[in-house]
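Put the two chains together into one complex; each comes in its own frame, and the hints tell you how they fit.
If you read the protein sequences in the order shown, they are chains C and B.
Numbering (this note's numbering) for the first sequence: 1 to 110.
Numbering (this note's numbering) for the second sequence: 1 to 113.
Simulated from the structure, these hints should not be mistaken for laboratory data.
Take the hints with a grain of salt, since some may be wrong.
[As the list claims (entries may be wrong)] Below, computed lysine-lysine pairings styled on DSS-like, alpha-carbon distance capped at 30 Å:
1. C:K2 to C:K107
2. C:K45 to B:K71
3. C:K2 to B:K65
4. C:K2 to B:K57
5. C:K42 to B:K17
6. B:K69 to C:K97
7. C:K97 to B:K71
8. C:K42 to B:K18
9. C:K97 to B:K18
10. C:K45 to B:K65
11. C:K45 to C:K2
12. B:K57 to C:K42
13. B:K65 to C:K42
14. C:K45 to C:K79
15. B:K71 to C:K42
16. C:K45 to C:K107
17. B:K71 to B:K17
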Amino acid sequence: RKEVEQDPGPFNVPEGATVAFNCTYSNSASQSFFWYRQDCRKEPKLLMSVYSSGNEDGRFTAQLNRASQYISLLIRDSKLSDSATYLCVVFTGGGNKLTFGTGTQLKVEL
Amino acid sequence: EAQVTQNPRYLITVTGKKLTVTCSQNMNHEYMSWYRQDPGLGLRQIYYSMNVEVTDKGDVPEGYKVSRKEKRNFPLILESPSPNQTSLYFCASRRPGGGSPLHFGNGTRLTVT
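In isolation and in its complexed conformation, chain B is listed as follows (with noise of 0.2 Å):
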């Protein structure tokens, strides 16, 4: 099955303890990239990555890494996570080229302490 996958679902840490969202699909997709979601505020765009080793900042990436060693995998590093930082977070993937639509992952909500 076609599927972009998330891990942890939930996650509570507290602020300054450095943490991983993994991200990986199944689809052979050359462009992934990271969501936050916030009340109001509707989904922004953290970090995107055209293919391995190409990543970039999206409209907000202050607090946040990534990286793209493997086509399939792009991880979303809090290295001193803040309670700001509380939120909902999806990883989606999609084929090169505007008409593709994005495919998401089952999203993980994030609680900062």
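One chain only, chain C, in its complex shape (with noise of 0.2 Å):
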């Protein structure tokens, strides 16, 4: 079982719609939770921090549910600039160790 897992899309949604996807990690031990956007052949860039108890940065929220072991990211109201990759970032203290998830694809369109 990988360390981090997303499901790669793509995900092709309409302008305005809302999305949600899910990373899953195997390590409970896991510490800190990130969002990172791709553009493509970009560098990956951070989107947001996951906290316990759930944050919000305008239209996109993140979630933790350590008794499942996912991470979740909810894009509202979805805009043409979404349309990106997002990657899964799960940090282990014990190996001081960032781990990546392959990226899920998010398509918005007309």
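This is the structure in structure tokens:
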């Protein structure tokens, strides 16, 4: 089983739709979680950290479910500019290691 | 401006010709790391460094070397590049502590023929 798993997609959604991605992780000792956005062949950029109580940043909401070992990203009122690959990143303190999922591709269409 | 700078952006070379990809950060971060990204495999860690003169292997270190003589610089060295090292490479840095996110350089696309 992979340490961090994501559905690769692509998710094709119309503009204005609400879309959600999940990411599962295998190590119950994982401590910190992040969502990154990556545009085609460019560097990943931090979208948001994921806090235990859940957090929101504009149209984006991130949640953590430790019991089921997954994190989620919800995008409301999606825009064409949201088209990108979304990477889930998990930090495990014991090995001081950041592990990346392979990403979920989102395509927002007119 | 806080940034991680990689050079070159694009590099085409031949098998066996030693090359170095430079990485520099101006955020005084202790932690620096190199990743390669290949289709379907995501980002895989090559080497990382917790501080000056402290480096360690990541998941795919074979065929690569690194050094950390100064805090700001973390070059990636390919002593004898091979075609299977053709990839997109990213350098990244962050402050210590699990809650700190990674800051990435803008990538180096390497082709080895």
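Hints, verified against the model:
This hinted pair checks out: C:K2 and C:K107 have alpha carbons roughly 25 Å apart, not beyond 30 Å. About 22 Å separates the Cα atoms of C:K45 and B:K71, which keeps this hinted pair within 30 Å; it holds. Under the criterion of a C-alpha separation no larger than 30 Å, the hint pairing C:K2 with B:K65 is consistent with the structure, at around 26 Å. Note on C:K2 and B:K57: the hinted pairing holds, with a Cα-Cα distance of about 19 Å set against a maximum of 30 Å.
For the given pair, C:K42 sits about 26 Å from B:K17 by alpha-carbon distance, which is consistent with the 30 Å threshold. With a C-alpha separation of about 22 Å, the suggested pair B:K69 and C:K97 falls inside the 30 Å cut-off, and the hint holds. For the hint pairing C:K97 with B:K71, the CA-to-CA distance comes to about 20 Å; that is within 30 Å, so the pair holds. With a CA separation close to 25 Å, the supplied pair C:K42 and B:K18 stays within the 30 Å bound.
Of the supplied pair hints, the one linking C:K97 and B:K18 holds, its CA atoms being roughly 29 Å apart against a limit of 30 Å. Annotation: proposed proximity of C:K45 to B:K65 holds, straight-line Cα distance about 26 Å (limit 30 Å). With a C-alpha separation of about 23 Å, the suggested pair C:K45 and C:K2 falls inside the 30 Å cut-off, and the hint holds. Annotation: proposed proximity of B:K57 to C:K42 holds, straight-line Cα distance about 24 Å (limit 30 Å).
Straight-line distance between C-alpha atoms of B:K65 and C:K42 comes to about 24 Å, which keeps the hinted pair within the 30 Å bound. The straight-line distance between the Cα atoms of C:K45 and C:K79 is roughly 18 Å, inside the 30 Å bound, and the hint therefore holds. A threshold of 30 Å between alpha carbons decides the hint, and for B:K71 with C:K42 the separation of about 25 Å falls inside it, so the pair holds. Restraint check: the Cα-Cα separation between C:K45 and C:K107 comes to about 18 Å, which is no more than 30 Å; the hinted pair holds.
Distance check on the hinted pair: B:K71 and B:K17 sit about 27 Å apart at the alpha-carbon level, within 30 Å; holds.
Of the numbered hints stated above, none is contradicted by the structure.
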